[in-house]
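So the sequence shown is numbered by this note's numbering: it starts at 1 and just counts up by one.
Accuracy of the hints is not assured; some may be wrong.
20 Å max Cα-Cα, derived PhoX-like pairs, lysine-lysine [claimed, not checked]:
hint, residue 1, residue 2
1, K64, K75
2, K75, K137
3, K178, K75
4, K104, K173
Label pairs and their computed distance ranges (CB to CB) [said to hold, decoys possible]:
hint, residue 1, residue 2, range
5, S92, M117, 46 to 56 Å
6, F80, E49, 39 to 49 Å
7, R142, V100, 26 to 36 Å
8, L82, F186, 17 to 27 Å
9, L130, Y176, 37 to 47 Å
10, E122, G188, 42 to 52 Å
11, K75, L187, 20 to 30 Å
12, G97, R184, 37 to 47 Å
13, G182, M77, 23 to 33 Å
Just so you know, these hints were derived from the structure itself, not from any lab.
C-beta: ideal position from N, C-alpha, C; glycine also.
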Amino acid sequence: MSAVKEKPVASVRHSELTRDYAATTTTTEKIYKVQRTSLAEAPELEAEEELDSAVIRAIRTKQKRRKIKMGLLVKVMLVFALGLLVVFRYASITEMGYKVSEAKSQYQDLTADNERMMAQIENSMNLDELTKLAKEKFDMQRPQTYQMVVLDIDPADQTEFYQTELKEVTEDKAWYVKIYDGIREFLGLI
């Protein structure tokens with residue numbers, strides 16, 4: 001017999017298994033320690049984790065739905081605001097059309113009055129009456145030949161006058177048209 005004792009095969013296997021179990025146990029314990037639970041509470045923890053993940057999924061679903069609803073509400077409000085802008089714009093165009101037609105009718109009335117007055121002035125002006133009035137009331141007479149001076153004017157020195165009308169422009173704009181014009185003017189300066 002030899003002096004060296006041989007370990008039985010069963011005891012070698014038992015020590016290897018114990019070592020493997022110890023390593024597995026420490027790893028498992030480390031995992032559960034990270035989660036701050038003990039090894040005994042592991043089955044309950046798995047059930048709680050499943051419940052927590054279901055609750056978290058439900059909360060996230062509600063948050064996503066809320067975001068979708070808010071996005072839809074914002075889009076609807078934007079479309080509504082744009083619709084109001086279009087309605088106000090058409091209202092201002094209609095108002096301007098009424099003002100233009102009113103101004104045209106007023107212009108036609110004034111033109112008719114002006115023509116009537118010009119005809120009345122032409123009918124009332126009689127040169128014989130004017131001459132008689134000038135002689136009697138203002139003691140005027142025709143100029144004598146020595147009082148007249150004939151001017152020879154070069155055609156380049158002549159000035160031609162055209163009948164011009166000065167119109168006073170009054171601007172009566174809607175408030176949003178004034179704001180729009182102000183913004184355009186400001187952006188034109190930039």
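Hints, verified against the model:
Distance check on the hinted pair: K64 and K75 sit about 16 Å apart at the alpha-carbon level, within 20 Å; holds. Simply put, K75 and K137 have alpha-carbon atoms about 85 Å apart, too far for the 20 Å limit, and the pair is violated. For the proposed pair K178 and K75, the alpha carbon gap of about 28 Å is over 20 Å, so the pair is violated. Taken as a hint, the K104 and K173 pair is honoured in the structure, with Cα atoms around 18 Å apart against an allowance of 20 Å.
Distance hint check for S92 and M117: the Cβ-Cβ separation is about 37 Å, which falls outside the suggested range of 46 to 56 Å. The hint said 39 to 49 Å for the Cβ distance between F80 and E49, and at roughly 46 Å that hint holds. Separated by about 53 Å at the C-beta atoms, R142 and V100 break the suggested range of 26 to 36 Å. The given range of 17 to 27 Å is respected by L82 and F186, whose C-beta atoms sit roughly 22 Å from each other.
The hinted range of 37 to 47 Å is not satisfied by L130 and Y176, whose Cβ atoms lie roughly 58 Å apart. At roughly 50 Å, the beta-carbon separation of E122 and G188 lies within the given 42 to 52 Å, and the hint holds. Distance hint check for K75 and L187: the Cβ-Cβ separation is about 27 Å, which falls inside the suggested range of 20 to 30 Å. A hinted range of 37 to 47 Å is violated for the C-beta pair G97 and R184, which are about 22 Å apart.
A hinted range of 23 to 33 Å for the beta carbons of G182 and M77 is consistent with their spacing of about 25 Å.
Going down the numbered hints, you'll see the structure goes against 2, 3, 5, 7, 9, 12, while the others check out.
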